[in-house]
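Protein chains in written order, with this note's numbering: chain A, 1 to 116; chain B, 1001 to 1181.
The set of hints was computed from the structure by calculation and includes no laboratory data.
This one's a predicted model, so the numbers in the text were calculated from it and none came from an experiment.
All residues carry an ideal CB built from backbone N, CA and C; glycine is no exception.
Accuracy of the hints is not assured; some may be wrong.
Just the calculated beta-carbon pair ranges, DEER-fashion [to be verified]:
hint, chain 1, residue 1, chain 2, residue 2, range
1, A, 24, B, 1025, 27 to 35 Å
2, B, 1081, A, 83, 45 to 53 Å
3, A, 67, B, 1081, 17 to 25 Å
4, B, 1131, A, 24, 44 to 52 Å
Here chain A is said to cover these stretches of chain B; the calculated rule only asks that three of the stretch's residues, wherever they fall, bring their Cβ under 8 Å from a Cβ of chain A [to be verified]:
hint, region
5, 1001-1011
6, 1112-1123
7, 1140-1148
8, 1153-1161
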Amino acid sequence: METRFKKKESIWSKALKQKQEWEDKDDLLDVVYWVRQVISLIVGLMWGTIPLTGVVGIVLYLMITCGFVYFYCTFYQGVSDEELGGAWELLKEGFMTSLAIFFVSWILSFTAFQFG
Amino acid sequence: MIADSLMILFISLCTALLSEGLSYVLLYRTEGYKRLKDVVEKQSRKLERKKETVGEGSVSGTQKRKKLEKQEEQLKNYNKDLSMVKMKSMVLIGLTFTALLGMFNTIFDGRVVAKLPFTPFGILQGISHRNLMGTDMTDCSFIFLYILCTMSIRENLQKLMGVGVSRSVSKLGNSLVGPSK
Chain A
1 METRFKKKES IWSKALKQKQ EWEDKDDLLD VVYWVRQVIS LIVGLMWGTI PLTGVVGIVL
61 YLMITCGFVY FYCTFYQGVS DEELGGAWEL LKEGFMTSLA IFFVSWILSF TAFQFG
Chain B
1001 MIADSLMILF ISLCTALLSE GLSYVLLYRT EGYKRLKDVV EKQSRKLERK KETVGEGSVS
1061 GTQKRKKLEK QEEQLKNYNK DLSMVKMKSM VLIGLTFTAL LGMFNTIFDG RVVAKLPFTP
1121 FGILQGISHR NLMGTDMTDC SFIFLYILCT MSIRENLQKL MGVGVSRSVS KLGNSLVGPS
1181 K
């Protein structure tokens, strides 16, 4: 349990540094997965508070989340998408779950601030 | 309205926790499941590595491919066994949650539980506006919010618990289910 926790800790400290060596590509994909969930939550809360509505909100969210994932891996970490199984594999990592988080936080904050 | 929304979020959190708890008791902690999951994971990783190294065209390449097909067949069988082990508990959990969903559906029937910041397209309107009066398509029904909440909570919970399907298994699982060339 302790070693697992230490491993996770080292992964996150590694994730913050630029151009790291990722022996196990699954670790990098895990980072991508969790960061994506957090971004989705924040963007959803922001869109609901502003409020941003309609297709524009969804398209902007998709651009932000997919753009972040792609740029973080290829430019910040210097890992090509081919090494991670292709651009498609990278973009769909945790996609459905993060999309659901985005919708829930967007709907709840929109309801709370505009109709609460 | 926001009280209903938060209540649904809480309900889906509780049902997700209950479902994972039941899965742990009935499935994850059993020796048979642990052993099979371990075997499938190891085999998938091995197969994935081998698939990357097998060359095309040469005689040795053909032999290796035949060996690979044999291993794929073996993995299919292990996957089938794993599905059988999972099935019993999944059916039980499924029945429990269908009953619970029916109960919550009755409580929130015809109630607008949230306002959508977008208008859902065609088929989705059938779920997002289910059993609601009026023509405002931004009104949100219980079932739509519940599905979204469950989708966002359940997989993250499984990932946190370390019981989700690993990437190599899901990647190979797709190719095993698909038509063979």
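Quiz item: Are there three or more residues in the region 1001-1011 of chain B whose C-beta lies closer than 8 Å to some C-beta of chain A?
Solution: With 5 residues closer than 8 Å to chain A, the region 1001-1011 of chain B meets the three-residue bar; holds.
Quiz prompt | C-beta pair residue 1081/B, residue 83/A: status relative to the range 45 to 53 Å that was hinted | solution = violated (33 Å)
Quiz prompt | residue 67/A paired with residue 1081/B, Cβ distance criterion 17 to 25 Å | solution = Given range 17 to 25 Å: violated, Cβ gap about 42 Å.
Quiz item: How does the coverage statement for the region 1112-1123 of chain B fare against chain A, requiring three or more residues with Cβ below 8 Å from a Cβ of that chain?
Solution: holds (count 6)
Quiz item: Does the hinted range 44 to 52 Å hold for residue 1131/B and residue 24/A at CB?
Solution: Given range 44 to 52 Å: holds, Cβ gap about 48 Å.
Quiz item: Does 27 to 35 Å hold as the CB distance between residue 24/A and residue 1025/B, or does it fail?
Solution: For residue 1025/B against residue 24/A, whose Cβ atoms are near 31 Å apart, the range 27 to 35 Å holds.
Quiz item: According to a criterion of three or more residues whose C-beta lies within less than 8 Å of a C-beta of chain A, is the region 1140-1148 of chain B covered?
Solution: holds (count 3)
Quiz prompt | chain A over the region 1153-1161 of chain B, status - at least 3 residues with CB closer than 8 Å | solution = holds (count 3)
Violated hints for the displayed structure, listed by number in ascending order: 2 and 3.
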